Every structure is written in structure tokens, then in C-alpha cells.
Amino acid sequence: MHATIPSWRVLSASVPGSSHLTRGLGCQDFNAVLTLPDGSLIVVVCDGAGSAKRAAEGAALAARSSVESLEHRLATGRPVNADEWKLVLTDSLMHARIALVDFATRQTDAGQPTDSIDFATTLLIAVVSERWLVAAQVGDGAIVSRSTSGGLSVLTVQGPSEYINETSFVTSSDFLQLAHFHLEPDADVTGVAALSDGLQLLAMRYADNTAHAPFFAHMFEFAARADSSSADLEEFLRSERVCDRTDDDKTLVLAVRT
Amino acid sequence: MATIDPEFATNPDPRCACVLLLDTSGSMNGTPIDSLNDGLKTFQQDLQEDALASRRVEIAIVTFGKDGCQTLQEFTSAGQFAAPTLQADGGTPMGEAINIALDLVMARKKTYKDAGVLYYQPWIFMITDGAPNATSPWRQAAQRVQAEMNANALTFFGVGVAGADMEVLSTITPRALKLDGLKFRELFLWLSQSQRRVSGTTVGEMTALPKVGFGSPV
Chain H
16 MHATIPSWRV LSASVPGSSH LTRGLGCQDF NAVLTLPDGS LIVVVCDGAG
66 SAKRAAEGAA LAARSSVESL EHRLATGRPV NADEWKLVLT DSLMHARIAL
116 VDFATRQTDA GQPTDSIDFA TTLLIAVVSE RWLVAAQVGD GAIVSRSTSG
166 GLSVLTVQGP SEYINETSFV TSSDFLQLAH FHLEPDADVT GVAALSDGLQ
216 LLAMRYADNT AHAPFFAHMF EFAARADSSS ADLEEFLRSE RVCDRTDDDK
266 TLVLAVRT
Chain R
2 MATIDPEFAT NPDPRCACVL LLDTSGSMNG TPIDSLNDGL KTFQQDLQED
52 ALASRRVEIA IVTFGKDGCQ TLQEFTSAGQ FAAPTLQADG GTPMGEAINI
102 ALDLVMARKK TYKDAGVLYY QPWIFMITDG APNATSPWRQ AAQRVQAEMN
152 ANALTFFGVG VAGADMEVLS TITPRALKLD GLKFRELFLW LSQSQRRVSG
202 TTVGEMTALP KVGFGSPV
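Protein sequence lines correspond, in order, to chains H and R. If you use this note's numbering, the first sequence corresponds to residues 16 to 273, in order. If you use this note's numbering, the second sequence corresponds to residues 2 to 219, in order.
Just chain R, same shape as in the assembly (with noise of 0.2 Å):
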């Protein structure tokens, strides 16, 4: 019988930037946080068990609280992401934080470009429990977010944990979900499926992505 050995073409991985922007304010100390923590686990898991998932999806972690914002991971294949452990304390800075985010995947974007490396649409995912700070420019941000998604350039997930200010939420983004309790693991889980699908094949809109079983649209 034939056998076929033919030499693949090396074309870079293609890539998809997932940006987790998590609010580290003091009123998520405590179980929030700790539940948060273990997402993050589940999610690393969860990617690293797909091969193709590890070396496509990109994670960035961009954290508000205390001391403002931090650009705690700059983007880093899953492959190679180690969930951090993350503390709780502080304030809320979203618009600054939102901010860093888009920047961060603007940029991304542009280096994707320049090494002739193709992608999927980026995407941001918002996770708070609270309302922004009063001075924090967060109604900019959100217009600024209004436009990127309307031009198709990401999508930017909202998710409100209790307490949360849902009307903020709606206000930045049409995919505002209200988290059920702290189902922080099925949350990251949902995430790291749908990043996984997204990375894999043609994935055109919302349908295809799994169900969501960790809470409700607002």
C-alpha cells in the first residue's frame, strides 16, 4: 500500500487574544476571590488539555484594584499560562482598566499584523462585582468599547457578580451576563470551551458557542 510523507507547510499557529480583566476591589475579598482563584485554575486546565487550544489561544490579565490597574500578564500562550492567585483590596478603576485592555489588544493586533500571523477576533472578558469609582472614566471607556465592537474589531464580555452594577455593565457592553452565585469554575469553564471552539473551526456567531450555564443575560 502507498503511503503518504509529504513535507507541511510551516505557516505560524493562527492565534486568538483573550484578554481577562478582573476586578480585584476589596469587595471581592474573601470567597469571591477565592472562587475567582479557582476559575482561573479550571480555566489553565481546561485550555491545556487541548493541544491545538494551547498553542493558539493567547491570555493577557489586566486586574483593578488596589493601587489602580495592573497589567498583571502581558499575552502568553495557554500553553505556557500559570493561573495566577489573586488578592482582593481596594477600589474600582474600570474605565482605566478598560482602557489598558483595548490597548492591549490593539496593539496585539498590530504585531499579529506586522509577523504576517493570522487571528481570530480577539476577545475581552470583564469580570466585576461592584460599580466603578466615581471618577473613573468609565463612560468613555465604554463608548470606546461601543465602537470596537460595533467596527467588529473584538467582543467584549461583561460579567457581573453579585453586587455588581448591571446597568454599568449594560452600558459598556451588549453581552452583559449576571453571574449565578459564584460559579466562578463553570464561568472560566464556559471560556475556556468557547475559546477552544473559537480557536478550532469556522465559528461564525454566538450559536456556536456552548450554553451558558453559569448565569443569565442582564
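Chain H with its partners taken away, still in its complex shape (with noise of 0.2 Å):
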């Protein structure tokens, strides 16, 4: 019998936020996403730290480092037990933040005193492969999977602290044991979204950390129609609509299956 590779039709949009841009900061919100050769697929969402001084490039390398890391090692092979993928996403979380110390100290070396803190970023993974649906969360944002049926189920949880603006970091000493993991061995996934803090106002119920599903059907429709276009994703999250409620930078990504 001759399985399906599965597909993937990907929309993606990380926007600076308007506080962002009157302080003369650009976006500190970086997105990556790959789907591999046999269809699994990558998405990786980080949200750099206001307070840190090179945060959009924290972001940026976590999420390269993490994907990268993904992606060498899925490429020998498929884990097979819970086990197994959470070492795999481990390991990601660990190479975006020894990424992070490293270049720190290149810098330090060469001259411009660096600390790692000043990278500080969060850092969302969510892997679909085969029946297979995992998630890594350091930090605050969402992801969130879509059923046939168009169920919705949120892989993320909200963080400890009391606070609104206080979140974790790959970068904390510590930053394992605030990491939540999702393994979900035999999950119906026909698409995934991933968000960072920036349009959890609008599209999560604060209350219960549910999904907002008329934010999430309308969003998965659209990613799924052919004309549709990252651009206008990139439109949207500018649009005046949802900067009136939220002037932090924005990220999106839409993944449906094809």
C-alpha cells in the first residue's frame, strides 16, 4: 500500500508592533517554517524580549538553530515513542539556546562585550509527522491544531507568573523546567497554527486558554483558499483593526493540509 505524502499549505506574517515602531525598534518576532521531504511538518515562532538589547536577533537565531536541529535529526529517522520525541525537542531547545551563549561570546571575543540575556527570546515548536503531533514551549504565545471535523485543541499552556508582561525565556538558567511539551501519538491534524503574545488578546479565551474558534475557522478557510497569500496575512496583522487592541509585534503562521 502506497501512503500519501502528506502537504502543506503555509501562510506566515511576523509584524512589528507600533509601540515597536515608535521607539525605533523594528520586529523582534521571528517566524520559520519547513516541511520536510516524507511531509512532516516544522513550525517555529519566537518573540524576543523587549528588555533585551538584540532581541530581534535572538529570535532569528533561536529559531533557525531549533529548526535546523529539527530537521538534522528527523532526518535519520522518525522517533517512535513519546520518549524519544521529547528528547528530539529537547535537544532543539537546547541547541537554540547553546546558539544564543555561543554567539554571546564570539561577540565578547571580538571585541563587543555580549551576554546572552541580550537574546533573550521566547521559543514555540510544533512538529507534525505522520500520526505523530508535538509541541515545545518556552514562553508565551500559542499553537494551536485543527481536527478534520475542525475541532480545536491548544498545545500550549499559560505561564506562572501573575503577571501579563512577564514571561520565560530559552535563555534562563532555568529554562527546561518552565519548558511545556505536548506528545501526542495518534492525533487528526489538518492544520496548525502558531501565534506569538502579540495576538493572543484576539484570538485565545484568556479565561480558559481555549481557542477563539471564530478567529481559527475564519484564519484556517483563508490559508486554504488558493488565492490567498501571505502578504495579505502580512495586511491583516497592520490592519487597524487588530492594532487597536494590541500594539505588541505580531506573528502568525497558518499550516493546512493540501
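Here are the simulated DSS-like cross-link-like pairs (lysine-lysine), alpha carbons at most 30 Å apart as the crow flies: (1) H:68 - R:179; (2) R:67 - R:184; (3) R:212 - R:110; (4) R:179 - R:212; (5) R:179 - R:67; (6) H:68 - R:212.
Quick caveat, the hints were computed from the structure, so don't treat them as lab data. The model shown is predicted, which means the values in this text are computed figures rather than measured ones.
Fit the two chains together into the complex; they arrive one by one in their own frames, and the hints show the way.
Laid out in C-alpha cells, this is it:
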């Protein structure tokens, strides 16, 4: 029996928030998406810390390093159980952290004193591979999956901090203890969405950490249309309607199975 | 071209609570209280220029002077805030006032939690030009402030106007600043800009606040 290789239609956009623009900062969000030859999907979203001097670089480096780590690891074979997947994801988080620490060290050696904390960033990872749906989360933001019937699952948890603007970063020394993992072996996944906290207010229901269905139904439908593009998504994220409610950087990645 | 028009989740705005704790004792009479009043107007105007801050920042005002302490204003959203005109007279029941401000913040947090509203770390912003009355329980209040700050429950700023006892202020909070002359306008502009930043994106530390141009750390 020949199994069809899944394919994905992906739209993604990261736009700077108005508060960042007025402070002369660019976008400190970064997203990376990769589909592998076997049809596996990797989605990563990073949100650089507002207080980190080089947050944008940190977000980009962390995202790229974690995708690279997953790509290399999955090329050698798919993990067969939850423990193995957790190891693979943990490895990927570590890769990102080491990349930031290494970069800081090299910068310091080159005469520009830098601490890895200057690159502080959150890191959200989602992988869909065969029937596996797995995710790793350090910091805020959300990952939501959609099933064949349109049901939505939230793979991420709300942070432990009392305050809305305090979150964990992959540069924190206790980042592994703070990491949350989702490991689902037999998942029915027709779509995955990942967003940074700038969009959480609009897309998620804070009271019970559920996905706001009317938002995601519309966005997944939009992503499935042949005439929709990432440029459209970007325009939406820059729209007054969105920016009226949040002046933070915003990232939204939408992947739908075709 | 495809249009995107989803319905947004209706989460209540996250809140940023700020208590202004203001010395209205006799020594503030004249130019100091006039400058303070102007500063309050600047604060109102600057906050209200920011649509998000107008919805998210909440301001309460406690004064201390003649007739003791007064909660002049319970928490009001910045959008609805109307700067009061303060009069100066009387002594300085600072300790009592600090306790009232701390109680206000604690109660507000409970209100937020009960209502499922998310919030930022609250601030108490005290401005004084003198020393507490001899009978005022300010040391006990100072201990309470230290305990709350150590627990990351709030940040307490103490700004001393000329004549203020800076040692008392430093005992109360590590965030003690001496005001340059009567630069209330600059002070309140810094405060509103800071509140606007805090109520916007992720702010982890003091380094992300605007530069202080109205005074210097003690």
C-alpha cells in the first residue's frame, strides 16, 4: 500500500507592533516553517524580549537553530515514542540556547561585550509527522491544531507568572524546567496555527486558555484558499482593526493540509 | 484579493494599576503645589493620547496633609481620568498614607483575579517634600513596602522634592529619586510614558523605561 506524502499550504507573517515602531525598534518576532521530504511539518515562532538589547537577532537565531536541529534529527528517522520525541524537542531547545550563548561569547571575544541575555527570546515549536503531533513551549504565545471535524486543540499552556508581561525565555538558566511539552501519538491534524503573544488577546480566550473558534475557523479557511497569500496575512496583522487592540509585535503562522 | 475578517476574542483589557501618593502638606503650598497640579494635567494629557494606555492604565490618588489621608480618587481608567487641583496645608502623615496605598493595590489585585482580568505589576508613585510626622508609623509602612517589593508584588517609587528627607525615602524604597527643582511636568511625563510602555509590550526590567530627566537617584 502506498501512503500519500502529506503536503502543506503555509502562510506566515511577523510584523512589528506600533509601540516598537515609535521606539525605533524593528520587529522582534521571528517565525520559521519547514516541510520535510517525508511530509513532516516544522513550525517555530520566537518573540524577542522587550528588555533585551538584541532581541530581534536572538529571536531569529533561536528559530533558525531549532529548525536546523529538528531537520537534521528527523532526517535520520522519526522518533517512535513520546520519550524519544521529548528528547528530540529538548535537544532542539538546547540547540537554540547554545547558539545564543555561543554567539554572545564570539561577540565578546571580538571586542563587543555581549551576554546571552541580550538575545532573550521565547521559543515555540510544533511538529507534525505521520500521526504524531508534538510541541515544545518556552514562554508565551500559543499553538493550536485543528482536526478533520474542525475541532480546535490548544497545545500550549498559560505562564505561571502573576503578571501578563512576564514570561520565560530560552536564555533563562531554568528554561528546561519552565518548558512545556505536548506529545500526541495518534493525532488527527488538518491544520496548525502558531502565534506570538501579540495576537493572543485576539485569538485566545484567556479565562480558560481555549482557542477562539470564530478566529481560527476563519483563518484556517483563509489559509486553504488558493488565492490567499502571506502578503494578505501581513496586511491583516498591520491593519488598524488589529493594532487598535494590541501594539505588540505580531506573528501568525497558518499551515493547512492539502 | 482575499480579505480577512475574523471575529476577535473578547478578552477584557489587561490592567496597569498606578497609585499616585501625593504630599499636600503645608510646605507644598505655593509654587510646589501649583507645579504639581500642572504636572498632573500633563500626566492626564499624555496618557489620553494613547488609546491602549487610556483603556489599560488605572489611576488612584491618595493625598496626605491636613485632615490626614484622603483617597481622593479610587482606581479610574486613564481614559476617564480628570486631573484634580490639589490644595496644600497641614502635616505629613506619610506612614498612614503608604499603608492606604498598599491596601488599595492589594484590593485591586484581588478584584482583577476575581474578574479574570490579567494585569501588569502595579506601581505606587509617592511624591513628598518633607519628612513624616513624628507620630506617623512610617517605619512599619516602610517594612511593608520592602516586603512587597521583595515578593515582586509591586514597585514603589519615592520622589523627594527640595526639603524632603531623602534618608527616609531611601529607607522606604530602593527606587528613591530626588526631583530637580520643580520639574513636575518632566516627572509626570516620564511616569505617563513609562505607564504607556508597561501597558504595551513585554517589559522585564527598568532598563526598558524611558530615561529619567527630571531628577537623580539618591
